[in-house]
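Chemist: Chain by chain, the residues:
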Amino acid sequence: MHPALQGLITIVLGVGGCLAYFFLANQALDRFIFPPRPDDRGRNINRANLVRPWLFLLPAILALGLYLAYPVIETLRLSLTDRSLGGAFVGLANYQQMMGEPKFWEAMRNNMLWLIVVPAASTAFGLLVAQLTDRIAWGNIAKSLIFMPMAISFVGASVIFKLIYDARPAGQAQIGVLNAIWMKFDGGIGSFLFLKILPAIMLIGFALVVGYAAWVVLRPILSRGSRSAWWLRLLQIGLSGLGIYLAVLALINVFRVLGAEFEYGQPQTWLTLPFWNNFFLMVVLIWIQTGFAMVILSAALRGIPEETIEAAIVDGANPFQVFFSIKVPQLMSTIVVVWTTITLTVLKVFDIVFAMTNGQWQTQVLANYMFDKLFRANDWGVGSASAIVIMLLVTPILVWNVVNARKEMK
Amino acid sequence: MDNIAGSKSTLVWTVHISVALLVLLWLFPTVGLFVSSFRTADQIATSGWWAALGEVEQNLVLRAKDPDDFRVERDSVYVVEGNLFEEGKDARISVWGTSSKAISAYQPGDKADLKKGETITVDAEGNYVWSGPESQMKGRGQRVFVTAQTPPDFTLDNYRKMLLDEKNVDGMSKAFFNTLTVTIPATIIPIVIAAFAAYALAWMEFPGRALLIAMVVGLLVVPLQLALIPLLKLHLGIGIGKGYLGVWLAHTGFGLPLAIYLLRNYMVGLPRDIIENARVDGATEFQIFTKIILPLSFPALASFAIFQFLWTWNDLLVAKVFLIDATGETTVMTNRIVELLGTRGGNWEILATAAFVSIAVPLAVFFLMQRYLVRGLLAGSVK
Chain E
50 MHPALQGLIT IVLGVGGCLA YFFLANQALD RFIFPPRPDD RGRNINRANL
100 VRPWLFLLPA ILALGLYLAY PVIETLRLSL TDRSLGGAFV GLANYQQMMG
150 EPKFWEAMRN NMLWLIVVPA ASTAFGLLVA QLTDRIAWGN IAKSLIFMPM
200 AISFVGASVI FKLIYDARPA GQAQIGVLNA IWMKFDGGIG SFLFLKILPA
250 IMLIGFALVV GYAAWVVLRP ILSRGSRSAW WLRLLQIGLS GLGIYLAVLA
300 LINVFRVLGA EFEYGQPQTW LTLPFWNNFF LMVVLIWIQT GFAMVILSAA
350 LRGIPEETIE AAIVDGANPF QVFFSIKVPQ LMSTIVVVWT TITLTVLKVF
400 DIVFAMTNGQ WQTQVLANYM FDKLFRANDW GVGSASAIVI MLLVTPILVW
450 NVVNARKEMK
Chain L
27 MDNIAGSKST LVWTVHISVA LLVLLWLFPT VGLFVSSFRT ADQIATSGWW
77 AALGEVEQNL VLRAKDPDDF RVERDSVYVV EGNLFEEGKD ARISVWGTSS
127 KAISAYQPGD KADLKKGETI TVDAEGNYVW SGPESQMKGR GQRVFVTAQT
177 PPDFTLDNYR KMLLDEKNVD GMSKAFFNTL TVTIPATIIP IVIAAFAAYA
227 LAWMEFPGRA LLIAMVVGLL VVPLQLALIP LLKLHLGIGI GKGYLGVWLA
277 HTGFGLPLAI YLLRNYMVGL PRDIIENARV DGATEFQIFT KIILPLSFPA
327 LASFAIFQFL WTWNDLLVAK VFLIDATGET TVMTNRIVEL LGTRGGNWEI
377 LATAAFVSIA VPLAVFFLMQ RYLVRGLLAG SVK
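Chain order of the listed sequences is E and L. Residue 379 in my numbering sits at position 330 of the first sequence, and the numbers go up by one each step. Residue 84 in my numbering sits at position 58 of the second sequence, and the numbers go up by one each step.
Simulated from the structure, these hints should not be mistaken for laboratory data. Here a beta-carbon is modelled for each residue, glycine too, at the ideal position from N, C-alpha and C. Some hints here could point you the wrong way.
What the hints assert, rightly or not - Keeping only pairs whose Cα atoms sit at most 35 angstroms apart, straight-line, the calculated DSBU-like set for lysine-lysine is:
no., chain 1, residue 1, chain 2, residue 2
1, L, 317, E, 456
2, E, 233, L, 127
3, L, 164, L, 141
4, L, 200, E, 397
5, L, 115, L, 142
6, L, 268, E, 152
7, L, 193, L, 268
8, E, 397, L, 259
As the list claims (entries may be wrong) - Covered stretches of chain E, going by a simulated chain L footprint (3 or more residues, C-beta under 8 angstroms):
no., region
9, 61–72
10, 96–105
11, 188–198
12, 217–224
13, 396–402
Assemble the whole structure, with the sequences as input and the hints as a guide.
Modeler: Written as C-alpha cells, this is what we have:
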C-alpha cells in the first residue's frame, strides 16, 4: 500500500476513532450504564460525572504512560542488566564500564561546556535584541528575522554552518566565510587589533561581568546574618564560587590570547581543532535559540510597569542604568525560565553533533554518545546507563517545574 | 520611554545600526546557503557565495568549434572563427592559455603559436580566430583555458535535479513525501487526544486532578533519549516493527505532554459563564466540548499544531530509531541530508539544494503563522 494512502487512512482512523471513542463512551455512560431514570436520576448523574473525566483522559493517560512513563522505568531496569547475558541483572556494572571510558568523560566535559555557554549566550543575545528592538519602528521585522532560525531543523542548520566552516587547501579560493576572513589576517596591525586586543578586551569584560554577578550573589550573605534557608545559602555560595572561578579563568586566558601564535595564511579546518570545535558547534544552537529567548524576554519587557522606568529617568538614570538596575531585576524570573528551557534543549542536543562531527575530534556529547552505544555498539546496557545520566541531569529542572506548577495552581 | 529626558540622537542611531548588524549577522548563514543552491557546482567551487552577487572571476575550460564541420579555407590556410562562450553570455576574459600548465600565458588579443603553423587568437569578448594548415585543422576543437569575469548567473538546475529527476539517486522527492507522510498524522492525532484530556483537566472536578497536571508538567521535560530502547523493543515485540505506524505513535506520545499543557492552560482561561450556562441548558459534556470549547480554543490548537509540525518535520532522532529500516525506502529528508553530508561532503550544490528543500516548508509555515507560534511559546514555557 502506498504510504501516502496509509497516512490518509491513519488520519481518518486515528481522528475518527478518537472521536467515535469519546462519543460512544459518553453515550454508553449516559444511556446504558447510568441512565437518568426517574427513580434515581440525581444519583446516576453524579455517578456518571464521577466516571466521565476518566473517559476523557483515558487515551492520553494510556499514551503518556506507555510512551513516556514506562520507558523511564524500563530504561532504569535495562541499565542494570546485560543484554548479551540474556538480560541478567548485573548491578552497576554498566555504569562502571561507562565510567571507565574516556569517551564518556569527554562527553560529560563537553556537555557541561554546552550547558554553561549555550544558555548564557542565547539568553544574553536574546535580551540584547529584545531591548534594542523594543522601541524602534521596524523592531517587529528585525525580531521576526532573528526568530527565523527556530523554524530551521538542526540538520539544516548544520549544513548551513558547515558551509561557513568549509576549508580548502591554501592557494584555492576559500568558499567558507570563516576561512575567507581568516585568510585576510596576515599578522600585521589589523590582526593584532582583531585577534589579540579585541578578544582580550572581551575576556576582561566577561570577567568583570561574571565577577560582579558573583559579588551581587554573595553580598547578602556577607553583610548581615542571612535569614534564608541553608540550602539557598549553599546554592548562593556555589554560584558565586563558579562565577569567581570563571572570572579568574577568563583573566588567565587574557595572557594566553596575547601570547598566542597563530598560523596566518593557513586555512583552518575549524571542526577538527580540538576543544575550540565545541564552540563552533555551539554557535549553531546559539544561533537557533537566541530567537526563542528574544521572543519570551521581549514579551516580558513589554510587561514591565512604565512607572518604574519613568521614575528612574526622572531621577536621572542613564539608559544603561535603567536597563541593568530597573529592567533586568524585574525580568529575573523570566530569564530563569528561558535559561532552564534552553538548558533542557542543550541536554538533548543530538542532531547538530551527529550531523557535523559525529563526536569525532573530541566533540562527543551525551545524547550522541548514547546513540552511538545503542545503534552502533549495540550495547543497550551502557546506552541505557547514559540515558539515565541525562535523566539525572534533567531531574532538578523537572522537580523545580513541578513545584512551581503546583504553587501556581493554588 | 528611554529618551524621555530629551532625545539622544546618537544613542538612537547606535541602536538602529546595532540592530541592523545583528539582523544581518543572523541572516547571513541562511542567505549563504540559499544563494549557493542557485549556483552551479563550478561556480561554488571557484568562489565564495558572496562573490556571486557581483561579477565573478572564473577559470573555465572552453573549446573551439570542431574544425571538420566549421573550417573554411582562406588564403591557403584553414580557419575556424566563433565565440568561446554560449550565446548571450556577457563575460570578459582577462588572461588565457592553451595548455593546462599555463592557463594565463596570453593577454586578450595575443596570438598563440600552436606549432606546425597553427595559431589562435582570442579577444576579451571570447571571439577567436583559429587557423592552420589542413593537416592540423581536423579532429576536435582546440581547447582554450580562460580566466574570465562573468556576471551573476543563477540557475534552477540544482532544484530540477534534486526534485524532478527520477534517475538521480541523491534526489529528495521521495524523502520529501515520506516526511510529509510522517508529519501530518503525527500532528493531527495528538491534538484530538490532548484536547479531550485538557478539557477534563481544566473543567471537570475529580480526585487526582492536581496530581495528573503535575505529572504532565513533569513528563514535559523527560528526555526522549530514555524512551528509545524500551519503545523500540516494544514495537519490535508487538509486531509494529520499524515503520510509519511506529513513528506516528511515537510522535503522538512525545507530543502529548506539551499539547495537554498548552491546551489546558488556554482552556482554563475561557469564561466560566459560557460553560455553566450550557450545562444548565442541558448540554452534555461531549456537546459542550465539541460545540463550545473546541471552537474557542482555536488559537491554542493552532499554536500546538505549528509546534508539532515543526518538530516532526525537523526531527531526525525519532525517525532514525522508529521509522528508517535497512532498506532505506522510508527515509526522511533530515536523514537524507545527513547521508549526503557523508557521501557528498564537498558537493555544495547538492547539499545546499537538499537542505533548502527541507527548510522551505517550515520557513513558509513560520512566516505565515508566526503569531500563533509566538503565542504558543509564551504559553508553553513553564513559568
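Chemist: State for each hint whether it applies.
Modeler: Hint check results:
Between residue 317 of chain L and residue 456 of chain E, the direct Cα distance comes to roughly 32 angstroms. Compliance with the 35 angstroms bound is thereby established for this hinted pair. Straight-line distance between C-alpha atoms of residue 233 of chain E and residue 127 of chain L comes to about 28 angstroms, which keeps the hinted pair within the 35 angstroms bound. With a C-alpha separation of about 15 angstroms, the suggested pairing of residue 164 of chain L with residue 141 of chain L holds against the 35 angstroms cut-off. Between residue 200 of chain L and residue 397 of chain E, the direct Cα distance comes to roughly 29 angstroms. Compliance with the 35 angstroms bound is thereby established for this hinted pair.
Using a Cα cut-off of 35 angstroms, the hinted pair residue 115 of chain L and residue 142 of chain L holds, with the two alpha carbons roughly 33 angstroms apart. In summary, the hint linking residue 268 of chain L to residue 152 of chain E is supported, as the alpha carbons are separated by about 30 angstroms, within the 35 angstroms threshold. Distance restraint check for residue 193 of chain L and residue 268 of chain L: the Cα-Cα separation of roughly 27 angstroms lies within the 35 angstroms cut-off, and the hinted pair is therefore satisfied. Note on residue 397 of chain E and residue 259 of chain L: the hinted pairing holds, with a Cα-Cα distance of about 21 angstroms set against a maximum of 35 angstroms.
Coverage of the region 61–72 of chain E by chain L holds in this model, with 6 residues showing a Cβ closer than 8 angstroms to a Cβ of that chain against a need of three. Only residues whose C-beta sits within less than 8 angstroms of a C-beta in chain L count toward coverage, and the region 96–105 of chain E has 6 of them, enough to reach three; the restraint holds. Evaluation of the coverage hint for the region 188–198 of chain E: fulfilled, as 8 residues show C-beta separations to chain L shorter than 8 angstroms, against a requirement of three. Counting residues of the region 217–224 of chain E whose C-beta sits closer than 8 angstroms to any C-beta of chain L gives 3, which meets the bar of three, so the coverage hint holds.
Residue count for the region 396–402 of chain E with a Cβ under 8 angstroms from a Cβ of chain L: 4. That meets the three needed, and the coverage hint holds.
Violated hints: none; the structure is consistent with every hint.
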